[in-house]
Amino acid sequence: MLKYPSIFGGYFCLSYFCSVLFNYYTMIEIKNVTFGYNKCYNVLQDFSLQFKKGGIYGLLGKNGTGKSTLLYLMTGLLRPRQGEVRVDGMLASKRLPEMMQEIFIVPEEYDLPRISLLQYVRSLKPFYPKFSDELLARCLSGFDMTPLIDLGSLSMGQKKKVYMCIALATNTDYLLMDEPTNGLDILSKSQFRKVVIEGMTEDKTIIISTHQVHDVERMLDHVCIIEPNKVLLDAPLVEKDEPVDLEKLFIETLTNKKVEE
Amino acid sequence: MKAFSFDRFLNVARWDLSVNSRFYTRSSLLMVAIISMPVVLYYLYSMLNRNFFLTGDVSDDVETFSVILALIGCAYVVISSGYMFHNLLTKQGRISELTLPATNLERFLWHFVVIVIGVQVVYFFGVVFADVLHALFRLTIPGAEIKSLTKEMFVNCFNLEDLGHTIDSNHVFGVMLFFIILISCYCRSFCLVNAWKYRYNIPLTFLIYFILNSVLPLVVLFIGKLFITWETLERFGNWLQEANADVILVCMNIFAALLYIGIWLLTYRLYCRAQITTRRNP
Chain A
1 MLKYPSIFGG YFCLSYFCSV LFNYYTMIEI KNVTFGYNKC YNVLQDFSLQ FKKGGIYGLL
61 GKNGTGKSTL LYLMTGLLRP RQGEVRVDGM LASKRLPEMM QEIFIVPEEY DLPRISLLQY
121 VRSLKPFYPK FSDELLARCL SGFDMTPLID LGSLSMGQKK KVYMCIALAT NTDYLLMDEP
181 TNGLDILSKS QFRKVVIEGM TEDKTIIIST HQVHDVERML DHVCIIEPNK VLLDAPLVEK
241 DEPVDLEKLF IETLTNKKVE E
Chain B
1 MKAFSFDRFL NVARWDLSVN SRFYTRSSLL MVAIISMPVV LYYLYSMLNR NFFLTGDVSD
61 DVETFSVILA LIGCAYVVIS SGYMFHNLLT KQGRISELTL PATNLERFLW HFVVIVIGVQ
121 VVYFFGVVFA DVLHALFRLT IPGAEIKSLT KEMFVNCFNL EDLGHTIDSN HVFGVMLFFI
181 ILISCYCRSF CLVNAWKYRY NIPLTFLIYF ILNSVLPLVV LFIGKLFITW ETLERFGNWL
241 QEANADVILV CMNIFAALLY IGIWLLTYRL YCRAQITTRR NP
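First to last, the sequence lines map onto chains A and B. Under the working numbering, the first sequence has 217 at position 217, and the numbering climbs by one with no breaks. Under the working numbering, the second sequence has 75 at position 75, and the numbering climbs by one with no breaks.
In short, the hints are calculated from the structure, not lab data. One or more hints might be untrue.
Subject to a maximum C-alpha distance of 30 Å in a straight line, what follows is the list of computed DSS-like cross-link-like pairs (lysine-lysine) [unchecked claim]: (1) A:K94 to B:K197; (2) A:K230 to B:K91; (3) A:K159 to A:K62; (4) A:K248 to A:K125; (5) B:K91 to A:K204; (6) B:K197 to A:K189; (7) A:K62 to B:K225; (8) B:K197 to A:K159; (9) B:K147 to A:K39; (10) A:K53 to B:K91; (11) A:K230 to A:K53; (12) A:K159 to B:K91; (13) B:K147 to A:K125.
Facing chain A, from chain B, some residues (calculated, C-beta under 10 Å) [what the hints assert, rightly or not]: (14) N11; (15) R14; (16) S18; (17) V19; (18) R22; (19) Q92; (20) G93; (21) I95; (22) L98; (23) C272.
Where a beta carbon is used, it is the ideal one built from N, C-alpha and C, also for glycine.
Working from the sequences, and respecting the hints, build out all of it.
Dropping the structure here:
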């Protein structure tokens with residue numbers, strides 16, 4: 001009789017261990033990272049943060065707090081001076097293909113090659129096993145664009161929209177966006193929100209670094225407000241019933257004072 | 001994880017050729033045009049200044065052309081090695097290249113193939129095109145003899161008889177290929193500086209070329225003169241003359257090969273450690 005509880009106990013212990021292990025390997029972990037562009041000043045100092053899989057994260061902070069730097073560290077485009085950044089358990093600085101095919105970055109400014117979109121997609125597709133042509137077409141139509149375009153003839157804002165569509169179509173587990181709404185007109189900002197939400201799935205994690213809090217506040221599931229050496233706020237937004245005023249939250253977190261309506 | 005996958009390597013090649021299709025096409029066409037220019041200019045000048053179509057007294061000047069083409073080839077080698085990491089020139093280019101899901105080895109090897117083999121192929125086509133133009137111009141001259149520029153370039157330039165070696169004509173092609181690859185690898189080693197600093201790639205590549213070819217031997221001579229007497233140098237010269245030329249050649253080649261391998265390994269290491277922004281490459 002006694003052996004059944006022990007079997008169940010063992011099973012629960014094992015499943016708990018597996019879930020802990022699974023969670024460890026399905027997230028971005030920034031651990032005690034110190035990074036600086038020169039020897040005199042560190043942008044990030046003994047900085048730690050975790051991004052769990054699933055949901056849209058907003059990465060906020062004052063100018064120069066290292067938001068873009070953090071995105072580059074996560075994609076292995078920068079190497080930390082101290083500490084480590086791991087994506088699904090893999091060291092980001094090693095830029096292993098297994099890791100890179102699950103992470104995609106949309107930088108603030110991006111210049112696409114002067115070729116057709118179809119040609120560009122054809123060259124990029126083999127690197128991303130989960131690439132979806134259907135999702136690309138859907139995202140492009142969300143921005144009132146067609147796949148039959150020449151990338152060389154696009155304006156800066158249009159290029160950004162196309163690149164965001166490609167980024168969503170790669171279906172990578174992690175999608176990092178640096179100031180995605182900069183350079184977009186009012187209509188495109190609204191289209192951007194719609195496209196991102198439509199392209200979102202449960203297993204995807206989108207991290208948006210921005211100053212334009214009003215552009216993204218309705219779509220965020222989680223917000224992180226950072227300073228060079230610490231995380232000021234790391235809280236989910238979905239649990240709150242009423243809509244969150246992100247600007248107010250940002251000012252309150254930074255100044256540590258209550259802001260009147 | 002496999003450090004090298006041939007499929008991924010082909011994907012890198014496809015991606016690079018698509019993204020940089022304009023750059024590759026334009027630079028190849030420009031190279032072919034530059035190689036053909038001496039031939040075209042020479043015959044145009046002759047046409048305008050001498051009525052050689054009537055007299056047929058124009059010499060074919062094959063030797064002169066082959067020297068000019070060899071000089072162009074030399075400059076082309078240095079310039080093209082400065083473009084080995086052209087994707088890393090801009091910040092956005094660095095993002096595209098370094099976030100590509102492929103290993104550093106696969107990406108580096110593709111750039112190596114482009115620079116060591118691709119560039120050589122373009123140069124060869126340029127010389128053949130210039131040869132065809134040369135033949136066409138010669139055809140218009142009544143009774144003129146037609147000699148091949150390509151043959152002159154690739155056979156006479158690799159004439160080893162001066163070194164006391166006679167090569168079986170069946171092996172000439174193999175020897176030529178060996179020399180081309182050896183020289184190409186040596187010249188391409190200037191791209192080391194390109195992996196270190198992405199901007200000012202061409203001036204820096206020329207600078208390292210100048211240092212390795214002119215300054216370094218002078219410095220070695222100067223330092224050598226401080227420590228070695230003329231008698232020792234004379235004795236060394238005599239020993240060289242008496243020694244087996246083959247042994248010396250083999251030793252020199254081994255030394256050169258080790259030097260290239262060292263330089264290439266250092267270039268690869270620098271490439272692997274590339275970041276989006278550093279103090280050296282803002």
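Verification of the hints:
no. : hint             : result
1   : A:K94 to B:K197  : holds (21 Å)
2   : A:K230 to B:K91  : holds (28 Å)
3   : A:K159 to A:K62  : holds (27 Å)
4   : A:K248 to A:K125 : violated (41 Å)
5   : B:K91 to A:K204  : holds (27 Å)
6   : B:K197 to A:K189 : violated (38 Å)
7   : A:K62 to B:K225  : violated (62 Å)
8   : B:K197 to A:K159 : holds (29 Å)
9   : B:K147 to A:K39  : violated (64 Å)
10  : A:K53 to B:K91   : holds (29 Å)
11  : A:K230 to A:K53  : holds (21 Å)
12  : A:K159 to B:K91  : holds (16 Å)
13  : B:K147 to A:K125 : violated (50 Å)
14  : N11              : holds (4 Å)
15  : R14              : holds (5 Å)
16  : S18              : holds (4 Å)
17  : V19              : holds (4 Å)
18  : R22              : holds (6 Å)
19  : Q92              : holds (5 Å)
20  : G93              : holds (8 Å)
21  : I95              : holds (6 Å)
22  : L98              : holds (6 Å)
23  : C272             : holds (9 Å)
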